[in-house]
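Student: Listed below, chain by chain, are the residues.
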Amino acid sequence: MQKNQVQTRLFQGFGALFERQVKDWYKSPVLFTLTLIQPAIWIILYGKSFPLSSIPGLTSSYFSFLSVGMLAFVVLFAAVYSGMNIVFDRQSGFLKKMLVTSTARGTIVISYVIANLFKALVQVGILILVAVALGMQTANITAAGLVGAFAAEALLAIGLSAFFTMVGVFSADPNVQLAVMSFISLPLLFASNSLFPTSSMPTWLQYVAKANPLSYASDAARQTMLGATGMMSLMFDFIFLAVFAVVLSALSIMLSLKLLSK
Amino acid sequence: MSDAQKQVKPFKFPPENSVGEPVINVLNLSKTYKPQIKAVDNSSLQVYEGEIFGFLGPNGAGKTTTINMLTTLLAPSAGTAQVAGYDIITNASGVRQSIGVIQQDNTTDKHMTGYENLIFTGRLQGVPTSLAQKRAVELLELVELSDAAKRKVETYSGGMRRRLEIACGLVNTPKVLFLDEPTLGLDVQTRSAIWKYVKSLKEENAMTLFLTTHYMEEADSLCDRIAIIDHGQIIAVGSPSDLKAKLGGDVIELGVKGKEKDLSELILALPLVKTVTKENSVYRIKAENGEEAALAVIDKLRAQGYFVTKILVNKPSLSEVYLELTGKAFREEEQSKSEFFGKKMNFEF
Numbered sequence: 045m046q047k048n049q050v051q052t053r054l055f056q057g058f059g060a061l062f063e064r065q066v067k068d069w070y071k072s073p074v075l076f077t078l079t080l081i082q083p084a085i086w087i088i089l090y091g092k093s094f095p096l097s098s099i100p101g102l103t104s105s106y107f108s109f110l111s112v113g114m115l116a117f118v119v120l121f122a123a124v125y126s127g128m129n130i131v132f133d134r135q136s137g138f139l140k141k142m143l144v145t146s147t148a149r150g151t152i153v154i155s156y157v158i159a160n161l162f163k164a165l166v167q168v169g170i171l172i173l174v175a176v177a178l179g180m181q182t183a184n185i186t187a188a189g190l191v192g193a194f195a196a197e198a199l200l201a202i203g204l205s206a207f208f209t210m211v212g213v214f215s216a217d218p219n220v221q222l223a224v225m226s227f228i229s230l231p232l233l234f235a236s237n238s239l240f241p242t243s244s245m246p247t248w249l250q251y252v253a254k255a256n257p258l259s260y261a262s263d264a265a266r267q268t269m270l271g272a273t274g275m276m277s278l279m280f281d282f283i284f285l286a287v288f289a290v291v292l293s294a295l296s297i298m299l300s301l302k303l304l305s306k
Numbered sequence: 142m143s144d145a146q147k148q149v150k151p152f153k154f155p156p157e158n159s160v161g162e163p164v165i166n167v168l169n170l171s172k173t174y175k176p177q178i179k180a181v182d183n184s185s186l187q188v189y190e191g192e193i194f195g196f197l198g199p200n201g202a203g204k205t206t207t208i209n210m211l212t213t214l215l216a217p218s219a220g221t222a223q224v225a226g227y228d229i230i231t232n233a234s235g236v237r238q239s240i241g242v243i244q245q246d247n248t249t250d251k252h253m254t255g256y257e258n259l260i261f262t263g264r265l266q267g268v269p270t271s272l273a274q275k276r277a278v279e280l281l282e283l284v285e286l287s288d289a290a291k292r293k294v295e296t297y298s299g300g301m302r303r304r305l306e307i308a309c310g311l312v313n314t315p316k317v318l319f320l321d322e323p324t325l326g327l328d329v330q331t332r333s334a335i336w337k338y339v340k341s342l343k344e345e346n347a348m349t350l351f352l353t354t355h356y357m358e359e360a361d362s363l364c365d366r367i368a369i370i371d372h373g374q375i376i377a378v379g380s381p382s383d384l385k386a387k388l389g390g391d392v393i394e395l396g397v398k399g400k401e402k403d404l405s406e407l408i409l410a411l412p413l414v415k416t417v418t419k420e421n422s423v424y425r426i427k428a429e430n431g432e433e434a435a436l437a438v439i440d441k442l443r444a445q446g447y448f449v450t451k452i453l454v455n456k457p458s459l460s461e462v463y464l465e466l467t468g469k470a471f472r473e474e475e476q477s478k479s480e481f482f483g484k485k486m487n488f489e490f
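As they're listed, the protein sequences go chains S and U.
Under the working numbering, residues 45 to 306 are what the first sequence spells out, in order.
Under the working numbering, residues 142 to 490 are what the second sequence spells out, in order.
Next comes chain S alone, as it looks inside the complex (with noise of 0.2 Å):
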């Protein structure tokens, strides 16, 4: 009496796993407050703290730089923890009563990533706001400018977020969990031009920098509301982050469907 194949509305659940994850961020006031104010410690402390306006390549004040690159780190840090909600959720049991819904597995996976895309962008648009507040150069913001920044970031946020929520899949340990996001991030945040320019740096740095995505969110993002020169044409970073976002989601969401039903 086999019955016929069932279909479930798409994305089913989508919209349940998306709210109580983001629930789950801005109602504890603590973990929601901190992931704001960090950021602006450091283009505070990077930005206003350092006479390092003589840096050669800028073609803005250091903190306008700075101010841009650092929403990158934001996207970054948000991405690395994106994969520990994961890790806890396993830890509790409540993955595993996910898994025997019928809401489909990639839309578990995909809803991990989705929420963190949101969860990015408002920190993205806030350390805006507060960098606006504190001097970051704006004359040549526009509405196009933002967009194509916030497109920049979004590209980045959604690569990055679905690596973690794979590795996140990967370790059911706490403990592995935290040791690949401080292994991968601060490195991949200095070999960035986030915090300086390529030019600045040795020769073999620069082609790391070169190779890292989070260097064609900045400057993507740079060109966009700064008007800087950038490190490649604008087109270029938008196709190279393109290319990594859909890259890395596509092998993600595969990997952690296949380590999802063993």
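Just so you know, these hints were derived from the structure itself, not from any lab.
Keep in mind the model is a prediction, meaning the values are calculated, not measured.
One thing to keep in mind: the hints can contain errors.
Taking lysine to aspartate or glutamate and the EDC-like style, the derived pairs with C-alpha atoms no more than 16 Å apart in a straight line are [stated by the list, open to error]:
(1) S:K140 - U:D246
(2) U:K293 - S:D68
(3) U:K456 - U:D383
(4) U:K337 - U:D361
(5) U:K343 - U:D328
(6) U:K402 - U:D383
(7) U:K456 - U:E420
(8) U:K451 - U:E429
(9) U:K251 - S:D217
(10) U:K340 - U:D371
(11) U:K456 - U:E433
(12) S:K71 - U:E295
Since the structure of chain S is already known, use the hints to place chain U on it.
Tutor: This is chain U only, laid out in the frame that chain S set:
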């Protein structure tokens, strides 16, 4: 002492009598982990509609692995199963839609209220929100959590969480409910409350329940049929009474005043009695229905003018069956043996 009276009671759900297809049909299911560890080894099993089916076995016997495969959390290495008419491999989504699962761990979200947890689970199961809201109210009533509905789960006690867990498993009105040790570590009150819900579910909704437990007396009183699994293989299937009957029925220990005369023949002549052995002054009588046989024995002996000094009815329990089949338990010392095996009824005269 006719043969008819010695017959074992028939199965409550005998496979040969059942009409229609099984709700759970496990066919040569196997799960092998890397270095040739057979967690589940070529198991086959049928569960019929409306049954409460108990799945018993020692730790590591393959119970959870089987449940994980039936609930599509694990892919089988070989064989397959149909649950509610859907194949667990080719139609996992159909299976998930038709089942409710109550897992060993607490899977509710402690940051949400009880009510929110139910709505959330309903949405994941594709239940329309208005229907999920209605179901949530009903289910909270069923598990007696209406008063705590608006409280966050982190404020719940262990027993309340388990009850909420059960409500969550029911939000999509499943055809088959899987319960993996739902009463593990709970106090007696909560355990009996949970089994009360389970029974009412079966009676009201014709739901099929597939459960594992380590509490033999619970399995005995609750389950229509039981399967015992060990080393990944199903070693016995049957109703609790049938499995117990296989051990040879109840044992009556009888003391009679006046040790010289052997009364074995007299006792054996009674209809329910199967065998009688005499050890010193005590008779050990194996009988079909212990309490009835004991009364018959007393009546008979009194009528003949004998004085019964002591009588003890020992009913074999499911634990005995279980230990007989799995043989893994740490054997207790003599004095606690009676307490550990079976219920005893003690009449002193």
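Student: Confirm or reject each hint.
Tutor: Evaluation of the provided hints:
A C-alpha spacing of about 9 Å is found between K140 (chain S) and D246 (chain U), which places the hinted pair at or below 16 Å, so the restraint holds. In summary, the hint linking K293 (chain U) to D68 (chain S) is supported, as the alpha carbons are separated by about 13 Å, within the 16 Å threshold. For the proposed pair K456 (chain U) and D383 (chain U), the alpha carbon gap of about 13 Å is at most 16 Å, so the pair holds. In summary, the hint linking K337 (chain U) to D361 (chain U) is supported, as the alpha carbons are separated by about 14 Å, within the 16 Å threshold.
Using a Cα cut-off of 16 Å, the hinted pair K343 (chain U) and D328 (chain U) is violated, with the two alpha carbons roughly 23 Å apart. A hinted pair counts as satisfied when its Cα atoms are at most 16 Å apart, and K402 (chain U) with D383 (chain U) does not qualify at roughly 36 Å. A C-alpha spacing of about 20 Å is found between K456 (chain U) and E420 (chain U), which places the hinted pair above 16 Å, so the restraint is violated. Under the criterion of a C-alpha separation no larger than 16 Å, the hint pairing K451 (chain U) with E429 (chain U) is inconsistent with the structure, at around 20 Å.
Simply put, K251 (chain U) and D217 (chain S) have alpha-carbon atoms about 20 Å apart, too far for the 16 Å limit, and the pair is violated. Between K340 (chain U) and D371 (chain U) the CA atoms are separated by roughly 27 Å; this puts the pair beyond 16 Å, and the hint is violated. Note on K456 (chain U) and E433 (chain U): the hinted pairing holds, with a Cα-Cα distance of about 12 Å set against a maximum of 16 Å. For the hint linking K71 (chain S) to E295 (chain U), the alpha-carbon distance of about 15 Å falls within 16 Å, and the restraint holds.
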